[in-house]
Amino acid sequence: MLKKILYILVFTILPSVFASADTTDSTWMTKVELKKTGTHCIDDKNCFNRYHPKIPPAAKADPGDMIIFHTRDALDAEFRLDSTADDLSTFDLGLVHPMTGPVYINGAKRGDALEVELIDIAPDEYGYTVIIPGFGFLRDVFPEPYIVNWRLTRIGAVSDGMPGITVPYEAFPGSIGVLPGEPEIQKWKAREADLATAGGVVLTPSPGGALPAKICGENGKYKDDCLRTIPPRENGGNMDVQQQQIGTKIIFPCFIDGCGLFAGDIHYAQGDGEVSGTAIEMGSVLTVRVKILPGKGTDMDMPVTLGNDQIIDMEPTRYYQTLGIPLKANGEIPPSHTYLDSEKLLNLANVSEDLTISARHALLQMIDYLVKEHGLTREQAYILCSVAVDLRVGQVVDVPNFIVSAVLNMNVFDKYRN
Amino acid sequence: MFGKLSILRFVSIFVIYILLVGHAPWGAYQAYRQQHLLIMSTREDAPTYPFSKILVKIINQELPEASARAARARTFKRVQSLFSTGQMPLVLLSKKNAKALIKGKGPFKKYGSANAQILYIFGDLVLLVQPDFPNRHAWLITNAIVQAVDKLPGAISPLKVKKITTIHPGTLMVLNGENIPDLK
Chain A
1 MLKKILYILV FTILPSVFAS ADTTDSTWMT KVELKKTGTH CIDDKNCFNR
51 YHPKIPPAAK ADPGDMIIFH TRDALDAEFR LDSTADDLST FDLGLVHPMT
101 GPVYINGAKR GDALEVELID IAPDEYGYTV IIPGFGFLRD VFPEPYIVNW
151 RLTRIGAVSD GMPGITVPYE AFPGSIGVLP GEPEIQKWKA READLATAGG
201 VVLTPSPGGA LPAKICGENG KYKDDCLRTI PPRENGGNMD VQQQQIGTKI
251 IFPCFIDGCG LFAGDIHYAQ GDGEVSGTAI EMGSVLTVRV KILPGKGTDM
301 DMPVTLGNDQ IIDMEPTRYY QTLGIPLKAN GEIPPSHTYL DSEKLLNLAN
351 VSEDLTISAR HALLQMIDYL VKEHGLTREQ AYILCSVAVD LRVGQVVDVP
401 NFIVSAVLNM NVFDKYRN
Chain B
1 MFGKLSILRF VSIFVIYILL VGHAPWGAYQ AYRQQHLLIM STREDAPTYP
51 FSKILVKIIN QELPEASARA ARARTFKRVQ SLFSTGQMPL VLLSKKNAKA
101 LIKGKGPFKK YGSANAQILY IFGDLVLLVQ PDFPNRHAWL ITNAIVQAVD
151 KLPGAISPLK VKKITTIHPG TLMVLNGENI PDLK
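Going down the list, the protein sequences come from chains A and B. Under the working numbering, the first residue of the first sequence carries the number 1, and numbering increases by one thereafter. Under the working numbering, the first residue of the second sequence carries the number 1, and numbering increases by one thereafter.
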């Protein structure tokens, strides 16, 4: 009998005890997961591409839960490794940007703030960087479409279209934020309409391709109030701030009960400036955790970011830097300044206290350097600047020549790395 | 066959359009579509894209002012949208899909029919054009194709094209030996 008991103990009970001791089986997280369904945002109940407080929550989560967003690329495109520039002139810009969410945060009220801790970003295997005609900082200089297709791992991004270059993995959400409330919609819409009237670059509400269609589409109840996702605003959104890395916390003011947290447009890597208009764009799985800060939203103008050494980890250990001052060609008014009807600028070679023109000056020098010293085409150089060159303000006091520098992380060149 | 003045007229409406919409990035994007002669194809009709590149090369040799480009749409849905709204007035499709686009059947069933005329035929591929595409522009493109017809695989003879009842009037004018029409 004893022999039989020992036999059962050794061969039946003990193995099952040890099997359950595997670390995989020991869990503590409460997960709220928003998965993708279908090929594009339009096929996906967890996806939308306009902002409005009436967009219903895709999920609910408690503070402390691990909220897992399966996100789509910024253009909701169907680019792939064999995509070419010929694919760029047909896609629908009305689909920009597909966002995953919104998530209703239990207990959060309008006037609170929401602290969002970025826990993890798992990249897709493919990403792209494009030049879109009419878009980007140097849209007058680069009017033709162009695409670089990237193969992604967490070690680096490489591309047949960018030989000898590996861009380090420094992922962050290009877009993350909370839904605006009704007062914010009216306020922001009005100020943007005023700017449009003055000739500024504004994308007013446009129902073509808008999702959710029932709310924001051609026959949507609120189609004239659904805001485009292109500009970042007080609710965050398309901030494109690369320092918002894994491990940092972003605090948003909440404008509706439940906040309506969303994320998307994840960037594998981006230079400060995102000058071509795109970073290394990709789909991903983003994990965040949130905390409610009661009443703190009323004191905030814009979201803020809290970080530790993430900003240091991103710094290049070897760099090349160009310096820009507000110089321009005679007879030229850069696209950024045309809306001001500033004909006075036309024949000025030197402009006063102008960081935009300084940035342009620094960037054009960097492109020249990459072409001359590293053999890149001008388009490749512009793309590399978009994903690995940081535009930085040097000073804003030495009138009239404020300085912006362009800093290239030289470690992107394989020849400089082991 | 057509002087500098004709070429200037050919591009002038595009330049005016660009100036009007240049401020907004999306507007400038639309302007790009007007600035170049875009030959649309689609991933969902596989032979169309490689042939569109051949066609673009030939057109740019014969008519460099057109600044032709290939433009590949990801889906039939996008083809229908861009073509029927006149954003891209030229599309290359296989015969079966060209008929389906015009009748709003097959892969286009969900999106409705589209008015279209034939500009040229290359074996199983049909270059469709919007009926309101200017006769002058259709004349110029057809003329470029006819001048290089031997270099275009499967291109049927101009005589055969002439017999098609649904060809664009500008195409017929070239094939009848008529002079280039004015831009109306």
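Keep in mind that the hints were calculated from the coordinates and are not lab data. Some hints here could point you the wrong way.
As the list claims (entries may be wrong) - Lysine-lysine pairs mimicking DSS-like chemistry, simulated, CA-CA at most 30 Å apart:
1) K223/A / K77/B
2) K45/A / K95/B
3) K221/A / K109/B
4) K96/B / K214/A
To see whether the hints hold, each was checked on the structure:
Between the alpha carbons of K223/A and K77/B the distance comes to roughly 22 Å, so the proposed pair stays at or under 30 Å and holds. A threshold of 30 Å between alpha carbons decides the hint, and for K45/A with K95/B the separation of about 36 Å lies outside it, so the pair is violated. Straight-line distance between C-alpha atoms of K221/A and K109/B comes to about 27 Å, which keeps the hinted pair within the 30 Å bound. In summary, the hint linking K96/B to K214/A is not supported, as the alpha carbons are separated by about 34 Å, beyond the 30 Å threshold.
Hints 2 and 4 from the list above are not met by this structure, while the remaining hints are.
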